[in-house]
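Asks: Below are the chains, spelled out letter by letter.
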Amino acid sequence: MAATRDVLILGGGHNGLVAAFYLAKAGHKPLVLERRALPGGCAVTEEFFPGFRSSTLAHGGTIRLEIAHDMKLAKHGLHMLEPEPRLFAPALDGRALQLYGDPTTSAANILQFSKKDAGKYPHLQKTLARIAALLDRLLTMTPPDIDNPTAGELMHLLMAGREFRSLGRDDMFRVLRWGPMAIADFVAEWFETDLLRAVIAARGIFGTAMGPWSAGSTAAMLLRAPADGNPIGGAAFPRGGMGALTQAMFAAATSAGAEIRTEAEVAQVLVKDGQVTGVALASGEEISAKIVVSNADPRRTFLKLVDPVHLGPDFVVKMQNYRCNGNLAKINLALDSVPPFTALDGDNGNAAALAGRIHIGPEIDYLERAFDACKYGKFSEHPHLEISIPSLSDPSLAPAGKHVMSIYVQFAPYKLRDTWANQRNALGDAVVKTLAAYAPKLPEMILHRQVITPADLEEHYGLTGGHIFHGELALDQLFTMRPLLGWARYRTPIDGLYLCGNGVHPGTGLTGQSGANAAREIIKSIKR
Amino acid sequence: MSASYDVIVIGGGHNGLVNAAYLARAGKKVLVLERRHVLGGAAVTEEIFPGFKFSVCSYVVSLLRPEIIRELDLPRHGLEILPLDGTFTPMPNGDYLWRMNDHAKSQREIRRHSRLDAEAYDEFGKSMLEMCKFVKPILAMTPPDPTTLNPKDLMKLLFVGKRFQALPYQDKYNQVQLMTMSAADFLDGWFETDVLKATMSASGIIGTFLGVRSPGTAYVLLHHYMGEIDGAFRAWGLCRGGTGALSNAIGDAAREAGVEIRMEAPVAQIKVKRGKACGVILTNGDEISADVVSSSVDPNLTFLKFIEPGHLDDEFIEEVKRYKFRGSSGKVNLALDALPDLKCMPGPGPHLRGAISISPSVDYMERAYDDAKYGHHSRRPYIDIVIPSLTDPSVAPPGKHVMSCFVQYAPYKLAEGTWDDQRESFGDTVIDTISEYVPNLKNIILHRQVVTPLDLEREFGLTEGNIFQGELSLEQLFFLRPVPGWARYSTPIKNLYMCGSATHPGGGIMGAPGRLAALKILEENKKGGN
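As you go down the protein sequences, you meet chains Z and W in turn. For what it's worth, this note's numbering labels the leading residue of the first sequence as 601, then goes sequentially. For what it's worth, this note's numbering labels the leading residue of the second sequence as 46, then goes sequentially.
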């Protein structure tokens, strides 16, 4: 064996870097092994066309405030841009909704659609913010042991229980009732404007295999509320693209004492007598360690990197049933100029309105039909899109006057009837055609188009099933059940092997919370 | 004003009758008011075509709580349940899947499709049994209020929690999956044969406006599986004389206990004085007073139709309006001149004595739902067919047969037109669909009765045609059914109670809501709370 390390972290995605930082800060010497040449996992900025840089995969998201603060990310070069309006959603009739961080400004815009909805919107924002405070406690806690909860865990639950009670009876019942609801029902209880309903519902189905009529999609939305209590979520983009975020994390982790090796693909996690002993790299090199932390998704970790004899057939079968088939594709466009949307007046007056997120999906039924396609192994010809044009607020991403458009496409299922290699261009065409209905001049402005399918996400970014959240965010795979009931506490059946990615609680995308929670548990167990 | 009663029960459906019987047995003077000329609500038998007795709505009996059968001594009052043997699923390729009550036979048949599934089927049966054992006591309890610090409620929550904790790991795992997953996903974890998964997932969607891939349907699967546990695998059955015979047996038991039942006595209003229910007013103007009113009809009728505005606060009314009905099923009842002949297994035989399920693939089931989502009845619906006259010849003339077809989806809210315009096209769709598997069907139909969700609402008082008086979705179960904070049979109006399927544990011919509500009424009256 070549070397012995204190702690190995497999994967230099944002959660791996967060875990590395906290472990290093606690005095350990973690080594992060990143498969690609560029650390950052799914939060990277890459030049996809000469002079045009885009957040290749994830294009927006907010790291949890405490974590950003602990890591001193601002000092390490992170600068967040928060354009207003946060969201622009064109309707087919030529009108458009523009929503802001401030609820009253949002309400003023909603007024053009419905007076009733305008009145209710600030109320929803307030309610969500209240409930978010409670949910936040749940997100930051390690899910309790289902067999023998410790005194500390019970205290934590009790505290959550107390907070729950302090919400008052109405909110208490709201939380209980909303969780399992379909988000289409949730938004219908609040609003009458279909476009507004669709915009909020989109937050519950993002990245999942759920349509707005799927039960439990409200839970997925609530899970995101602590990151931002705004009903439509935030619109925050790091200057320099998402790569700037992970670069700052990388700097924070290394200055705390962590080490990062790129182009170091792990082929196997080595186990002896139920205890992890290290890893073997694809190059054949072996590194031994008492603790191995996997930032890879649970299926990849257990079904690819660990020999199944160490896990037992029961665990393996359950892991095989862990649902992890993605439905999201990503398209990056290099544009000659800002595409004029028909819902906005004038050719150039519209740039300011487009700086946040752009939502394409005018009705609940539209979103649901987009979802229907993926159930039968087809991508939607009329997909739901979430777009950002980061170069509007960050000109460094594109040559002067030109722009980058980053598009999340739903629904594009990993399990396609045909192969993605055959369908890649058809998907790109469907997306451009869909967009052209709102911005007719867009097709002629495209200088380059990069289509990243779920198959690419798996192959190039190591996301099993192309799932951006390392596994479905459905009720049966959350909290004490993420990834599996009884294994939600960052530990695994193998002593010394831990999980720290989105496949463990809370699994909320880019917040970094899974990594922070995992680090806390690992540090505790090393002390014991 | 006529005579005064201790309790008036609104609605003579099975829950209303169970409720009345328990109250009368405890010494209360009880009056049941039924709107129609037949007793039983949606559990009725009617002679729609001369000589043919149709179980118009509910057609199989499975979930009736054994304690109710025992305590009300229903067999003595004429209840006889005839076993219904198995489920036969014809496939478009000419093959079939036949699951029988004989476990070994089913396993052999499944092995024909997949060796792995045959093994898993065994284990699946055992696991579901464990799950049923876990859920059963919860069905028999009044839901606790999770928001109070009342020790009694906390004990109940603790009881549920402790029972859960005591489960072996595998059962815990199954239980959380059942509570949260879709039927299709849940079954995917067990089986590989598509037709097996499709036909099993069907019980996850019955009566709901959800597809087999919608999260939450695994629970409904369990809800229906419950029927197979009491008395082993025999409890899915038909009532001799049709489902109405069951209502008559409960009615008989109630009358024997002293209950007065008045037919064709539709209620117009529940009288409320100073926040207390004190009787009812009938549509003919008659007023009847009582100390307690127990409503077995759904919350929409109870609170929005029968209670004059002003007695309930706006927030509660909002909650009631929010309660989801969304009927999704219809029924086609046929009088047949001869036995249907299946393409994949021609001639008479035991396969016709069970249920015949038109559920050939998971995608077929899901597509049926997709149609309904956008306001159309399914172009190719899921159909559950029973020919009760084979098991119980008393319901049809000699040599002739009755065929009951439960159909999903038939959404209450149509995108275009009304159910009155679409009734016949819906009926045609059902007949066409079945004819693909039963070629002689069209030649042997003597009479066809199509029951749409609108008919269920108009004729049987089920709002939006929901056969469970409200969807069995997670946010409408247990302490959230029907309305958060009012899941314990009592209502914001003193002395007014709910005892129908809209309360915990929900729908099906279970009788549990009626019984639990009766116990609650008796408990609160003993305390002298009135």
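In short, the hints are calculated from the structure, not lab data. Ideal Cβ placement from N, Cα and C applies to all residues, glycine included. Hints may contain errors.
[Unchecked claim] Quick partial rundown of chain Z residues pointing at chain W, CB under 7 Å, derived from the structure:
#1 R777
#2 P780
#3 M781
#4 D972
#5 A973
#6 G977
#7 A1074
#8 L1075
#9 M1081
Asks: For each hint given before, does the structure comply? Return the numbers of the non-compliant ones in rising order.
Replies: Numbers 5 and 6, in rising order.
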